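The lines below spell out each chain.
Protein chains: 4
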Amino acid sequence: MSNGVPDTMLAVVKPTAAAGAEIREVKVPSYGPSDVLVRVKAASICGTDLHIYQWDRWAQSRIHPPLIPGHEFCGDVAAFGKNVTSVKEGDFVSAEMHVACGKCLLCRTGEAHICQDVKIIGVDADGAFAEYVVIPESNIWKLDPSIPVEYGSILDPLGNAVHTVLAGEVAGRTIAITGCGPIGLFAIAVARAVGASQVFAIEINEHRRAVAKKMKADFVLDPSKEDVVAKIMEETGGVGVDAVLEMAGHPDSIRTAFDIVRRGGRISLLGLTSKPISLNFSEDIIFKGIIVQGINGRRMYQTWYQMTALLKAGKLDLHPVITDRIAMKDFSKAMDRLKTGEASKILVYPNSTH
Amino acid sequence: MSNGVPDTMLAVVKPTAAAGAEIREVKVPSYGPSDVLVRVKAASICGTDLHIYQWDRWAQSRIHPPLIPGHEFCGDVAAFGKNVTSVKEGDFVSAEMHVACGKCLLCRTGEAHICQDVKIIGVDADGAFAEYVVIPESNIWKLDPSIPVEYGSILDPLGNAVHTVLAGEVAGRTIAITGCGPIGLFAIAVARAVGASQVFAIEINEHRRAVAKKMKADFVLDPSKEDVVAKIMEETGGVGVDAVLEMAGHPDSIRTAFDIVRRGGRISLLGLTSKPISLNFSEDIIFKGIIVQGINGRRMYQTWYQMTALLKAGKLDLHPVITDRIAMKDFSKAMDRLKTGEASKILVYPNSTH
Amino acid sequence: MSNGVPDTMLAVVKPTAAAGAEIREVKVPSYGPSDVLVRVKAASICGTDLHIYQWDRWAQSRIHPPLIPGHEFCGDVAAFGKNVTSVKEGDFVSAEMHVACGKCLLCRTGEAHICQDVKIIGVDADGAFAEYVVIPESNIWKLDPSIPVEYGSILDPLGNAVHTVLAGEVAGRTIAITGCGPIGLFAIAVARAVGASQVFAIEINEHRRAVAKKMKADFVLDPSKEDVVAKIMEETGGVGVDAVLEMAGHPDSIRTAFDIVRRGGRISLLGLTSKPISLNFSEDIIFKGIIVQGINGRRMYQTWYQMTALLKAGKLDLHPVITDRIAMKDFSKAMDRLKTGEASKILVYPNSTH
Amino acid sequence: MSNGVPDTMLAVVKPTAAAGAEIREVKVPSYGPSDVLVRVKAASICGTDLHIYQWDRWAQSRIHPPLIPGHEFCGDVAAFGKNVTSVKEGDFVSAEMHVACGKCLLCRTGEAHICQDVKIIGVDADGAFAEYVVIPESNIWKLDPSIPVEYGSILDPLGNAVHTVLAGEVAGRTIAITGCGPIGLFAIAVARAVGASQVFAIEINEHRRAVAKKMKADFVLDPSKEDVVAKIMEETGGVGVDAVLEMAGHPDSIRTAFDIVRRGGRISLLGLTSKPISLNFSEDIIFKGIIVQGINGRRMYQTWYQMTALLKAGKLDLHPVITDRIAMKDFSKAMDRLKTGEASKILVYPNSTH
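Residue numbers (our numbering), protein chains in the order written: chain B, 1 to 354; chain S, 1001 to 1354; chain X, 2001 to 2354; chain P, 3001 to 3354.
Derived from the structure by calculation, the hints contain no laboratory data.
Be careful, since some hints might not be right.
[Said to hold, decoys possible] Pairwise CB distance ranges (calculated):
#	chain 1	residue 1	chain 2	residue 2	range
1	P	3030	X	2237	28 to 38 Å
2	B	20	X	2147	28 to 38 Å
3	P	3018	S	1076	45 to 55 Å
4	P	3116	X	2278	19 to 29 Å
5	B	30	X	2117	27 to 37 Å
6	P	3116	X	2340	40 to 50 Å
[Unchecked claim] Each computed DSSO-like pair below joins lysine-lysine, with the alpha-carbon atoms no more than 30 Å apart:
#	chain 1	residue 1	chain 2	residue 2
7	X	2231	P	3275
8	X	2288	X	2142
9	S	1231	S	1315
10	P	3103	S	1082
11	P	3103	S	1088
12	S	1275	B	231
13	B	315	X	2216
14	S	1142	X	2288
For clarity, every value in this text was computed on a predicted model and none was experimentally measured.
For every residue, glycine included, the Cβ atom is placed at its ideal position computed from N, Cα and C.
Next comes chain B alone, as it looks inside the complex (with noise of 0.2 Å):
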């Protein structure tokens, strides 16, 4: 291959239909014509990469491998097909993973990160925990060079935190987050950063609540040993909070949303569940007259261009959420260290002379 690119790399690679993974030599990727070759310069994981280490229910009926997982990174460009026209060698990008059909009434009408066909890189194809990357030229996302690589792995979650900050109206808005993973801790410095007037957070776990409170949370509630809707109405006057971010999935935390959330506010629901929620619709929704949004994604590609401004303009201080940095080649003991609870954001660097 051209332009220094070597045949082979490193990567981690899911083999077969079993829990674990493996550092592999594979091929490095071929690209077609409108495609991008990417030096991964670091990667970083999600939950999602846990579920398919661990090979749960959700891991067996949608993981086909073998298969490089893997889908939040940053690189350069090492070489790209003949019709890319957007980026050069050596520019510094990051990419949206959900490959959209482009051709189905979501696409065609600004909703693309709900398109029904879509593909992700790194769950449906090969990913970005590996030296080399493909991307189709529409995916990629071409960053300032003044951008930490830090923060250019870790713009997936970060942007699934932007979409649902900006959701609805923010300035001078009271606005809860009940869970704070790192989507959840990305959504305390946006929601500040956007002019929140109180940001509370709700998270059961110590280190998170510990990371809640670095990233300037106004107020980090345990709802094991306070009663947190009392503590927030205290808070608002008794009028409740004007929106909630839930970012959990948990039963109790969304109970607490509906709890919470003041008459005419709003609920963005950020946190997947696979246990049925019980509402009294009359009650939780009607008499209330909230709003109650899905949110999936990153909006393509309106959230990339606010989370990069932001980024640029020095908004966002998220170093608090990157606890841990590894080599490629000590994957399986990042694994472990996520399922302690204590890490947060791990990012992974394919070079293993990091």
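Put chains S, X and P on the given structure of chain B with help from the hints.
Only chains S, X and P this time, still in chain B's reference frame:
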């Protein structure tokens, strides 16, 4: 009393905390400096009135007898207090019967329809099943004389329909209405008038389906006999409908709403239900990226402007919904008719010579 | 060429940088791997085509002969490139002729209709006044076979009208349309179909006013004979109209637009003008708190969905606007007809046996 | 008068239809059953007050002496009428001085800030340059005691800024502000607080530019010395800014606004101008697909909620704008200061011992 207003009048009175109601001669109510006394030309019966009549659990918790019920009506201005400037004697009027507090966050930001301290005339204070009713000037709605009395008396439920239909985009969109009580039936007419491309009406009751056909729904579906989801998917090219207006409040129809709404669509909930509803948030809301909104009352007074403009322009034919007309003295018979399920909207004429 | 596609075809050709055009036999255009070759059933003439024909200043600065003009049409798929998946031979199609770059901020945030690098087929590349035309698959719009060919050929200007009307709220609102060229006439039908309560059409040309009446505008006003402002104020209770759709591009009609719009209303500007317009910003815009918006093209592809849904549902009767039908060989006669001001939309049939 | 309220007070009085004003002892104003009497702690001076003082053409047409001017202030509740329920003696308050009619279309649809029959306290009725001022309860705005008196007195112009900034999207967007009078300066702080990624301040006056730098605009540009359009195009990658907040009301700055706004962007017009402005509608508005909106007053009371939430949360540092503090007896000196162009916001203390 001046202005030819008599001292006493006939009214439907709920005298005690028990089932039933009586026609009684009572004092014509007195009015304050900012109030308007209206001589009722026609009133109409809402499901709420049946709850009050039957003295069900909701009624027991909310109603404080003695009470004159009735919150849908129109009439002529008979007299008014000294601060009133916007009407004169003889003006044809209806009224928004939700009297909002005017001082809370909701009232001060254009959301008075979900004011927490609302009082409803006909529920919390004496209403319109009477020869005269008192309304604060702020809640009076002047009607163009060209609007028929029959339409003037049903603006409250028609406003529910207008509010629900116009709570999202409709022009060139497909709309499903689950539940064809009077509000659902009105919603068919409104959706058609504002450019819905297809209107699906879903209703289990035969009488109501017959009226839905007269209202010119494009499809009238019986979920007890047809596979409603399959039919709607077929007619929408497998996409689902752009919006569902849920007006039945039944767990089955709510389930259907979530099954037929398209990705990125909206579900507007108006139908009340006391039963808990169980949802799979991931599948039902998040992956589909839908919006679920609670709808309550009528926007003050956006809905009233839209509604009366549509009526005055002749865009709405609502006659099929008005199935019964009775003299007020026969109020109990109207209650019996309503229980049969074979009446839609029943008009009540306080003037017994009707 | 395969598929029964001949090697040559007849087309309207602008051969040189001068007034006029010719019917010539030219090669059927070749198509790339992502292109669709369409056999034109009907095309229609836009004012832009007259500018090109007459070779005015705008045409001199924009057009590079030789060129086949024509950007309104429908036809059947005759052949397509190997990457094309969304159509098959014989499909009935039209197309969005604005080919956006797909890579700029506007294109990537749902605003492709104002892409800075747009190319227009029929203006910047060979168009549809020909037996065949080449369209990129991305811009093809499949039509339901139930849509008449006549309507299929006018979707470009109808889309302008739909885009303009739906650029703000219409249901239950009063709308004024200044200028009743084809787009203004279409806008009357669209505004009515989506629930405008009153439609005022303002036009100085007698023929156009006659068509506006056939389109069922509630009021058709002649500013050369009537005090349009006074009349509209009278009919709107002294308030003014909720929205003005400015489609004349004349200083007088623009002045009228600002005079008749109500406080808080909108003015949607579509009509182009090369003359500077003078406004008193304080009185005309700021004190009234109005919104003035520039409207361009059709939203890709929201407008197309809305437009074809309305057509398929039979909500739009556009026949009065189609005043002339000619064989392509008589193109110059069509130009003469257009200049008289007595033709609205002229349909052109490339198949001379029409 | 009760409550320790004296019978007379000192006030700035415009006694006759001529230039100037005097400090006079006048009666403390009487209040009606729905009014609140406020003891003024601080008031501030608006450009409008200078127009009244200088008795320019606008003042001659609008003002009916004798008048106490002053419409920016805060103070403590001294007394109130019998119908008042939302405040008690000693409450710290400010007020919306636009008293809307409450009965027109605008007032009844959430647009009271553009009510056609508005009366402005301090312009159409006696205002706040006095020891006491009377305000209808509906217009009183209770302030959290933690908000400094200096900020409490400038909520009227701060509200103009908040209204203008939040009239469109700001988070992650580039904003240009043309004109750095007090409202423009406040807008810098607000835009930054709600997440603008870049704020360009454009101002010809040296003092104002110096304050704009203290307000932390990212770029402070002098159009008399720099090519503002070229600079902004360079900094925005040739795109232009997402939004322009026009606060100068000068033909040159308005021209600049149209030159620097990006395609699809917005121009929010607040700065008043009596001069006609000439535009090329096709180039300036239509092809670019922009939105131009007139901004007036403050949204009642959305803006007030947002503004006081931002203040209470400590998101706004406004001190650099407050350049002068004077005792009310020195009102004429304040007028002189204002004329120099070297004062931004001047605070007036009715209690002369300040």
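Outcome of the hint check:
1. Checked against the hint of 28 to 38 Å, the C-beta distance between residue 3030 of chain P and residue 2237 of chain X comes to roughly 36 Å, which is consistent with it.
2. At about 56 Å, the beta-carbon gap between residue 20 of chain B and residue 2147 of chain X misses the expected band of 28 to 38 Å.
3. Distance hint for residue 3018 of chain P and residue 1076 of chain S: a CB-CB separation of about 53 Å, consistent with the stated range 45 to 55 Å.
4. At roughly 25 Å, the beta carbons of residue 3116 of chain P and residue 2278 of chain X sit within the given window of 19 to 29 Å.
5. Against the hinted window of 27 to 37 Å, the Cβ-Cβ separation of residue 30 of chain B and residue 2117 of chain X comes to about 30 Å, which satisfies the hint.
6. Range check, residue 3116 of chain P to residue 2340 of chain X: about 45 Å between beta-carbon atoms, so the 40 to 50 Å window is met.
7. A C-alpha spacing of about 29 Å is found between residue 2231 of chain X and residue 3275 of chain P, which places the hinted pair at or below 30 Å, so the restraint holds.
8. For the suggested pair residue 2288 of chain X and residue 2142 of chain X, the alpha carbons sit about 43 Å apart, so the restraint of at most 30 Å is broken.
9. Using a Cα cut-off of 30 Å, the hinted pair residue 1231 of chain S and residue 1315 of chain S holds, with the two alpha carbons roughly 29 Å apart.
10. For the hint pairing residue 3103 of chain P with residue 1082 of chain S, the CA-to-CA distance comes to about 16 Å; that is within 30 Å, so the pair holds.
11. A distance of roughly 15 Å separates the Cα atoms of residue 3103 of chain P and residue 1088 of chain S; the hinted pair therefore holds under the 30 Å criterion.
12. The suggested pairing of residue 1275 of chain S with residue 231 of chain B holds, with an alpha-carbon distance near 29 Å, which does not exceed 30 Å.
13. Note on residue 315 of chain B and residue 2216 of chain X: the hinted pairing is violated, with a Cα-Cα distance of about 55 Å set against a maximum of 30 Å.
14. Distance restraint check for residue 1142 of chain S and residue 2288 of chain X: the Cα-Cα separation of roughly 25 Å lies within the 30 Å cut-off, and the hinted pair is therefore satisfied.
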